[in-house]
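Trainee: Okay, so the sequence shown: first residue is 1 according to the numbering used here, each after it adds one.
Hints are computed from structural coordinates only; laboratory data are not their basis. Each hint should be verified, as a subset may be incorrect.
Dumping the calculated EDC-like pairs for lysine to aspartate or glutamate here, alpha-carbon to alpha-carbon at most 20 Å [unchecked claim]:
id, residue 1, residue 2
1, 348, 401
2, 353, 339
3, 320, 291
4, 354, 329
5, 353, 215
6, 77, 227
7, 398, 329
8, 118, 197
9, 378, 163
10, 395, 329
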Amino acid sequence: MNIKLLITFVCLILFVSNQICISQEKKQENSTNVDLKKITSNQWIALPKTKYVIPKTWENGRHKGVNSFGSEVYCEKLGLMLSFDGYTDAPSGKSTPGNYSDSIYGFNPETAEMILLKRSNWVSGARSRNISNTSYPLDLNKIDPCPCPRHSYNGICYNDDNEKFYLINGANAGLPNEHPKYKANGGTGVHTFWEYDINTKKWKQLEYPKAKKLERVETVLRAVPSEGALYLIQQWSVLKYDIKAAKWTSLIAKTQSGVYKCDASVDPIRKRILLFNGGARIRKKGQVPTEKNNMCNFRYYDITLNKIIPIPLKGAVKGKIKAGLCYIDTMDCYAVRTEVGMCFYFPKEKKWKKPVITQFIPKARKPFAWCYLNFDRKRNLLVLRRHGILRLDPKTLKLEDLEVQLSN
Numbered sequence: 001m002n003i004k005l006l007i008t009f010v011c012l013i014l015f016v017s018n019q020i021c022i023s024q025e026k027k028q029e030n031s032t033n034v035d036l037k038k039i040t041s042n043q044w045i046a047l048p049k050t051k052y053v054i055p056k057t058w059e060n061g062r063h064k065g066v067n068s069f070g071s072e073v074y075c076e077k078l079g080l081m082l083s084f085d086g087y088t089d090a091p092s093g094k095s096t097p098g099n100y101s102d103s104i105y106g107f108n109p110e111t112a113e114m115i116l117l118k119r120s121n122w123v124s125g126a127r128s129r130n131i132s133n134t135s136y137p138l139d140l141n142k143i144d145p146c147p148c149p150r151h152s153y154n155g156i157c158y159n160d161d162n163e164k165f166y167l168i169n170g171a172n173a174g175l176p177n178e179h180p181k182y183k184a185n186g187g188t189g190v191h192t193f194w195e196y197d198i199n200t201k202k203w204k205q206l207e208y209p210k211a212k213k214l215e216r217v218e219t220v221l222r223a224v225p226s227e228g229a230l231y232l233i234q235q236w237s238v239l240k241y242d243i244k245a246a247k248w249t250s251l252i253a254k255t256q257s258g259v260y261k262c263d264a265s266v267d268p269i270r271k272r273i274l275l276f277n278g279g280a281r282i283r284k285k286g287q288v289p290t291e292k293n294n295m296c297n298f299r300y301y302d303i304t305l306n307k308i309i310p311i312p313l314k315g316a317v318k319g320k321i322k323a324g325l326c327y328i329d330t331m332d333c334y335a336v337r338t339e340v341g342m343c344f345y346f347p348k349e350k351k352w353k354k355p356v357i358t359q360f361i362p363k364a365r366k367p368f369a370w371c372y373l374n375f376d377r378k379r380n381l382l383v384l385r386r387h388g389i390l391r392l393d394p395k396t397l398k399l400e401d402l403e404v405q406l407s408n
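Make the full structure from the sequences, and use the hints.
Mentor: Written out as C-alpha cells, the structure is:
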C-alpha cells in the first residue's frame, strides 16, 4: 500500500513539474521582449515575430493592414523607429482595399512591437480608375486633417530639436477621391508638406516648396541638429526649410544629386546628410553591365559647403545592393550594408574598415529589400528594420582595414 502511494506521489510530482515546464515554455514563446542585458555584443540577434499593437478604439473598421515597407527614422524621446505608410503585410492576392496604410507607426526593438501612434482620418483606397475604390477623407478630417495615403521612401524625418515628425511627397497610392461627397472633408494630394507633433498627436499642413520640378517619390528630407532647419534633397535640386520662419530657400537650383532609391542618414558632428545608393539598374535587355551597375556608391551633402561630395569606396565595399545606412554615434562612423556584408567608414581618418561580424540575412521573402538601418541611441543598438539588432562594443570589436582602389 505504501509502495503504491509512493509511486502515485512520485507520478504526481512528475506531472506537476512537466506542466510547469510546459507553462514556462509557452510564456517564453508568447513573450516578445528581448533581454538587452543578456545579448552578445558584436553579433546580430534575430528579432522575434513582430507583434502589432493597435488601440482597441482603432481596431475595427478600415485599418486591416499594417505598414511594412515604408522608410523609418529614429525618435530618441519615444525610443521608436517611426514610419509612415508603406505596403501592407497582406499576402499576395489577399490584400485589403487599402493596399497602402496611411498612419504613423513606431517600432520598439526591445519588445518587437509595431505600435500604431496616430491613425489617419482617411480610408485607404487602391490605384483605380473607379472612384469608389480610391482613397477618401472621413468627416473627422475637417477638424483633424491628415496627409492623404501615399507610399513614402526618404521623404520623412524626425527633428529632435522641436520633437516634430515631417513628411513630404510620396508615391500616389490610393488616388484621392474626387467625388463631391468627400470634397468638404478637405483632402489633398501627395505634393504636400506636413508636420506632426508627437506630443499633441496632431498633423499640420505647411507651405510646399516652389521648385521648378515636382519630384514626388525620390526625395530625401532630413533635419540636422541645432540648425533649426530641414533639408530637402531632390533628384534635381536642394532646398532648405527654416522651421522658425516657415520659409523655403533654394540652395542648389540645378544638380544631379543621385538620390534615386537611396538610403539616407545624418552626421551631426560634420553637418552632413549621407546618401547611399545601390548599383544602377540595367534598363535595356542585353545591356552589358558596367562598373556603375555592379557596385554601390556613397555621397554626402555638406550643408556648410553647400555641395554634394562623393566618398570613394571602390574595392573596399563589396556588393551592388544597398541594404542599410546609418551614422553610429558611439563610434563616429558611417555603417553601410550590402548583400555581401557591412563596412564602416571613419570620416576622421577617411578610411574604410570591415567589422569582423557574421553577415545577417533576414528570414524574409526579399531579405535585402527595404532594409532600413537605424542607430538606437537610447539602447545603443543598430536596428535593421524589424529583422535584427546589433550591439557594438568598440573595445572588443575587431576591424580589418580596407583599401580603396583609385579610379583609372
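Trainee: Next step is simple, just say for each hint if it's right about the structure.
Mentor: Evaluated hints:
1. Restraint check: the Cα-Cα separation between residue 348 and residue 401 comes to about 15 Å, which is no more than 20 Å; the hinted pair holds.
2. For the hint linking residue 353 to residue 339, the alpha-carbon distance of about 17 Å falls within 20 Å, and the restraint holds.
3. Taking the CA atoms of residue 320 and residue 291, the gap is near 10 Å; set against the 20 Å cutoff, the hint holds.
4. For a cut-off of 20 Å, the pair hint linking residue 354 to residue 329 stands: about 17 Å separates their Cα positions.
5. For the proposed pair residue 353 and residue 215, the alpha carbon gap of about 35 Å is over 20 Å, so the pair is violated.
6. For the hint linking residue 77 to residue 227, the alpha-carbon distance of about 19 Å falls within 20 Å, and the restraint holds.
7. With a CA separation close to 18 Å, the supplied pair residue 398 and residue 329 stays within the 20 Å bound.
8. With a C-alpha separation of about 10 Å, the suggested pair residue 118 and residue 197 falls inside the 20 Å cut-off, and the hint holds.
9. Between residue 378 and residue 163, the direct Cα distance comes to roughly 16 Å. Compliance with the 20 Å bound is thereby established for this hinted pair.
10. At most 20 Å may separate the alpha-carbon atoms for a hinted pair to count; residue 395 and residue 329 meet this at roughly 15 Å.
Checked against the numbered hints listed earlier, the structure breaks hint 5 alone; every other hint is satisfied.
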